[in-house]
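Start counting the sequence shown at 112; every next residue gets the next number (the working numbering).
Wrong hints could be hidden among the right ones.
Said to hold, decoys possible - Label pairs and their computed distance ranges (CB to CB):
| hint | residue 1 | residue 2 | range |
| --- | --- | --- | --- |
| 1 | TYR261 | ALA356 | 48 to 58 angstroms |
| 2 | ASP266 | GLU396 | 47 to 57 angstroms |
| 3 | LYS205 | GLY253 | 28 to 38 angstroms |
| 4 | GLU369 | LYS235 | 49 to 59 angstroms |
Everything labelled a hint here was simulated from the structure, so no lab data went into it.
In this text, all values refer to a predicted model and were calculated from it rather than measured experimentally.
Note that beta-carbon positions come from the ideal geometry of N, C-alpha and C, so glycine has one too.
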Amino acid sequence: VSTQSTWAAEVRSTTPAKRGIKRKMPPPTQEPAGPKQKKARRTSLKRKSSVKKAAAKQLPPPPEHNGPKIRIGIIMTTLKSEQKKEELIPIGEKKRPWTRFAAKGQFIRKRWRCNGPLKPHKRKESVPADVSIGLYMEYMYGGYGVEVDYIWPKDLTEERCKKNDINFCMIYDLLEAYHLDRKVFEGFQSVLANCDNIYPPLDYQKFINSKIDYYTWCQKNDVNIAPTFTLSPEQYKEQYPEGGAQAAPALFEKFKHELKWYRYIGKPVYGQESKALHFGSTGYEEHAGWMGNREVQQEIKKLAKYLDDVFGTKDTPQKYPGLVFQKLIPDFGNGAKCPELRLYYVGGEYQYS
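All chains, please: the whole structure from these sequences, using the hints.
This is the structure in structure tokens:
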């Protein structure tokens, strides 16, 4: 009992004072008389840092390259399009020191962010990803005989591409050219057809950019996709010569009775960034597909207008080379409920999602 009471007294003496009550602190211990002793230096750390500095100074420069140079072409996208999409990298980032070597015409001022315009002091000069990749190759491998040719859309020719060992389409491809400039798009197709040193090649770009081609391939090869119905311009003109007024009622009946789609989505071939999307309905699923006559006529009218806008009429040109209709999947792309994933493979080997 006496030991416990002594321990309790020690705890009370060492616990902090309650609020509003000052506890007297013991007087500080006096230092012994005599000259002050200097603190011992931590020589071990300084030795390590000096060794690192010495090692850094002794690193050899890149070897002199006397052999043939490797010319790599990058077919660039426009600066303004990347500024509009908010896909820019600020110059001088610590992770990307090579961006500081961007030349005039390779950078643009960042103006927007996802939540609105940036304040003036935050509008930094920035480069697109394709410029950053080119600068990185020069920064890392310039001393080994690697040269980078930045080919802007206005300078894109067969002669320019054939001067390089290989040319890469990183951001700017057929799909990007289709939306930015139709004249450049036609010329780009010709360049791809006549140059065998551009990657990805023409047939690959056509395949991945045509929703009709790759969805049809998936269906033939038993790849699990959303229920899909495709319509090419040739099929549309052959089956519905009178245009949207004839096609809309027929497609409405097909979606509702044959395919059992109560809600569907239409998207064009060469569509990009949710442009020209159409959301339609054929009935209420909770009421076994029932829908009032007035609503049915409104849906058919909307579909007819959409078809005329995509495939054109006698007075208006065709905007897109085909349409894809799919059954609407609720919550598609909505986080954990139904995520939209991109799977990355290198050389046929899965890397990450």
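* Indicate whether the distance between the beta carbons of ASP266 and GLU396 respects the range 47 to 57 angstroms. => Holds, at about 54 angstroms.
* To do: Could you see if the CB distance from GLU369 to LYS235 stays within 49 to 59 angstroms?
  => 55 angstroms, holds
* Asked: Would you say the C-beta atoms of TYR261 and ALA356 sit inside 48 to 58 angstroms of each other?
  -> 49 angstroms, holds
* To do: Starting from the range 28 to 38 angstroms, see whether the pair LYS205 and GLY253 falls in it by beta-carbon distance.
  => The hint (28 to 38 angstroms, Cβ to Cβ) is violated, given that LYS205 and GLY253 are roughly 21 angstroms apart.
When the structure is compared with the earlier hints, a violation turns up for hint 3 alone.
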